[in-house]
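S.K.: Taken in order, these protein sequences are the chains called X and R. Taking the UniProt record's numbering, the leading residue of the first sequence gets 1, the next gets one more, and so forth. Taking the UniProt record's numbering, the leading residue of the second sequence gets 1, the next gets one more, and so forth.
Because the hints were derived from the structure by calculation, they are not lab data. Honestly, I wouldn't trust all of these hints.
Treat identical chains as interchangeable: a pair holds within one or across any two.
What the hints assert, rightly or not - 25 Å max Cα-Cα, derived SDA-like pairs, lysine to any residue:
| no. | residue 1 | residue 2 |
| --- | --- | --- |
| 1 | Lys320 | Arg179 |
| 2 | Lys497 | Ala478 |
| 3 | Lys497 | Gln382 |
| 4 | Lys417 | Gln496 |
Number of protein chains: 2
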Amino acid sequence: MSSYQAPITDMTFNLFDVWQLDQYWQTNGQLQDLIEADTAKAILEEAAKICEQQIAPYSADADQRGAQLTDGKVSLPTHYYTAYQSLVEGGWTSLSGDPQYGGMGMPKALSMMVDEMLCSSDIAFSLYPGLTAGACVALLQHADDTTKQTYLPKLYSGEWSGTMCLTESHAGSDLGIMRTTAKPNADGSYALNGSKIFITAGEHELTSNIIHLVLAKLPDAPAGSRGISLFLVPKYLLDANGGAGVRNGVSVGSIEHKMGINGSATCVLNFDDAKGFLIGEPHRGLSCMFTMMNYERLSMGSQGLGAAERAYQNALAYAKDRLQGRITESDANKAEPIIGHPDVQRMLLNIKAMNEAGRTFATWVAALLDKSKYDNCVVSGQRANLLTPIAKAFMTDQGFDACVSAQQVFGGHGYVKEWGMEQLVRDVRIAQIYEGTNGIQAADFMLRKVAADKGTVLFSLLDDIADELIEKPHVSAAPLTKAVTDLRAITTQLLQKENVVLAGAACDFLALVSYILYGYMWYKNLMALDTSKHSSSFIDAKTHTANWFFSRILPRATGINATLNNDSVMLYNLAHENY
Amino acid sequence: MSSYQAPITDMTFNLFDVWQLDQYWQTNGQLQDLIEADTAKAILEEAAKICEQQIAPYSADADQRGAQLTDGKVSLPTHYYTAYQSLVEGGWTSLSGDPQYGGMGMPKALSMMVDEMLCSSDIAFSLYPGLTAGACVALLQHADDTTKQTYLPKLYSGEWSGTMCLTESHAGSDLGIMRTTAKPNADGSYALNGSKIFITAGEHELTSNIIHLVLAKLPDAPAGSRGISLFLVPKYLLDANGGAGVRNGVSVGSIEHKMGINGSATCVLNFDDAKGFLIGEPHRGLSCMFTMMNYERLSMGSQGLGAAERAYQNALAYAKDRLQGRITESDANKAEPIIGHPDVQRMLLNIKAMNEAGRTFATWVAALLDKSKYDNCVVSGQRANLLTPIAKAFMTDQGFDACVSAQQVFGGHGYVKEWGMEQLVRDVRIAQIYEGTNGIQAADFMLRKVAADKGTVLFSLLDDIADELIEKPHVSAAPLTKAVTDLRAITTQLLQKENVVLAGAACDFLALVSYILYGYMWYKNLMALDTSKHSSSFIDAKTHTANWFFSRILPRATGINATLNNDSVMLYNLAHENY
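If we strip away everything but chain X, and leave its shape as in the complex, we get (with noise of 0.2 Å):
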């Protein structure tokens, strides 16, 4: 059994020291009543008591046990009703939401860490608020205000739950070719038919009802994925009092058997002349479902590191237990924790630089939205645009590698379920390929984020990193200043080949930019320690930890610019019959 601590200290680290947010919350008309250092640690704390006490003991158990669909319903591991319950007293599950509909208005960079403690506890139960506060987030900005008023408080305090019906069984990211369909009724709704596949959350007893925002097609749609509409489609259809009346016509055809997760249900849902609300302007519905994937597509990126910090608590702990071999002693039956192996040294250092660089960059990214969502800030929001691929990406590529090292740490031990180091593998493993797989992420850095505007945004952003570097030099992080310069060099290359090459390019790109942004967050960290504030153990370990980040892992970015420099037309020709 693996065990977790919420890592509060680095967290209040990050808001605090390294970028500052009790300053710019108290600076903010909208956040400055509503929240300061003293309440954000207090929820911090209050949000690791449940994730630590009523959640990650058992995560092990929900693996094993799994959602169980038996005539219809679908079942869930005992402890996920507690433990949702537990949420909704708490008010958890509306402290993103917006206040004007019963939401608590906590800012995104406050909101991230509590999903980073949930994902640390079970990725699989994570999923159910986690797809509700998407969901509240498209109704939000495109639901009209009657809508809003209708849905959005029972979803706020948990009392509904929310899903996203967007995959067909024959398409995939390809929205564009889906057939589930949308007739208008007469009395203004419509009357889905179809069947989406992989629907996170799709049927559940957790919640009185379950509110679907569906993609479908109305007659007159354009082909392609102009021609598609966001619906609203509740379990249950609402009686005249607002709450959960007759059955509505979508049920649950069947759930997935999947490698991890298993306490996600992710269901095969049949819509039967469901009854369905438009939400937003017809054939529009595709760019109102982004607005929910882009907030699941950050809160992935918690996965990742969610995952990975877990990984690496249990990993430490084993290293510093397990007697194996001698490393100092010459006694020879005598063995030393293996954590005096410099090999298991570089796997723990590797996964504590990634994830702290990890923590300090989903900090910044919600920094970001934050600045864009209460000051209309510009800039922010394009490097928020910009970097939320990354957030998505190159966070849960790393988590990944993360737990598949710190499942190596424990050798054998790793492999077997009972310490639970193989289903933190497993869980975090769908993050790299829902919500948008990391190929259709990197394809959307390169040609739409990068690309499309020649670089612009991501040159401005070098150019201040640039800039910082000069003014406040800090002498560990002195071969970024390098990195940031041949990051410029390749990509204003890159930018000169072909759409082919940008597309084979992508992922090694988004990768390369990444390793330089943490390198960035290595600096940001190290700009921030205080001897005034900060103990001389965590200001050891996280100068030391930014000298492996700088020595050992941001040269990996030579490599894959050498990779970036060969790339060619030529390499993407081979017929595929040759294959």
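Using the hints, position chain R against chain X.
M.R.: Here is chain R on its own, set in the frame of chain X:
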């Protein structure tokens, strides 16, 4: 369900065109009457039939049912019994056995390929004949002739099977601290007491007897690993006719529940005054066991390659079949096969390039072992020794990465069980862990195989490669020359550093050497292409994949080189309590 077809064309290309082993076999006195090209090809074709028809189609079923322990007996997936019987009847269990004791005496280069097929079909199943083959190697080399006469024929025939019993719960890879004892009996045998864990194929009913090779300490044993002796402990003691007689004092305590290879019974074995027979000299058991472990380590590489080959085949088929997105078509409702996407090509080519280089590498190492064994060729032996940890660690690391990438090609379908991709990931993961973790392999490589002789064997190999590249250059392989030069430089530099740095650098160094040797493998592939023998599509695929390797994979070496360049003692001095 994932399918599988043995890659016989690439196998024979490696045997006969790349390494021209048919010519070597004809020059060797022991091999020339046993094997030639046509026989070798027929053997591969027959092995393919069993693997493709009797093992591979049922691997998902084996995963689901798993090995089950009931009342001290282990039951296996039903088809394991019939498939194993087919192996026995076809003489496959004796493939690499010594003809003096009933083996077929096939060279390793050929039997390795059958290993690969078995591993593609079902790694868990492959372990039953695999462990037996390993036990036979240890007995052949270290047992006295009577013991060999008694046990080898029945092990080769597959009537009996073998195990290796090393690990104890407190002593994983640190065998020196083991507690299992062996006390001399009056009749010259020994009474063994203790408990071993992680014993693959430790108990089952596939065979009528199981011959355990057990490490234990004699009463007068010196401390540490120099005090370990090797014992043969049959599950059933032999009766007067040499058949399985009364039950010995060895029993299964429990079996592990694991991430994968569920069809393999991973046992806790308890020895209670179990009767054992000393193999080899007292206190020299570890070196006897290493004979077996080195054999197993090569087979580990086949596990990585085998799983990766099957993963590639299925990802390729899916990529050609799955319609998503538009690459060339402008019709918004018409999707094209995802193999048209450059990022999908990237994943497929990465896997293909590493798999085919891996197969050439495995054949090379096996051929070196053959030349060492049959010709007493010292250089071949030294090189096989040098390359064995690479075959174990790099081939399994790459095998895991390949399975993860192939799973990624499937998107969400890769995560659900029915497609079989997630099982390949779970199954192959163990190969990085057991038989000495890949970290231990890297330490062995860096410290014992390179640093201990000041790089002599490695440098001699690099000299030969460099000479060959000058004498017979190939334009596509041009980047390899510089990579070899850079490798010499960083190796020379590393060898001047402290042991702690070498130990910390070991994994990266092993990867660096491996990438460059894989580059040499692609050079050898290119040089073996012959328009008079090979189809134009085969030549096109090989040429293209080689270019991919040199352009998009070999540059990774630059990054690793830069990382190693930065290594220093300072990076390993973070106090353990500050992690």
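S.K.: Decide, hint by hint, whether the structure agrees.
M.R.: Taking the hints in turn, this is what the structure says about them:
1. For the homomeric pair Lys320 and Arg179, the shortest alpha-carbon distance between copies (22 Å) is at most 25 Å, but the shortest distance inside one copy (55 Å) is not.
2. Taking the shortest Cα distances, Lys497 and Ala478 sit within 25 Å of each other only across copies (23 Å), while inside one copy they are farther apart (31 Å).
3. In the homo-oligomer, the alpha carbons of Lys497 and Gln382 lie at most 25 Å apart inside one protomer (24 Å), although the nearest pairing across protomers, at 47 Å, exceeds that limit.
4. Taking the shortest alpha-carbon separations for Lys417 and Gln496, neither the intra-copy value of 50 Å nor the inter-copy value of 42 Å comes in at or below 25 Å.
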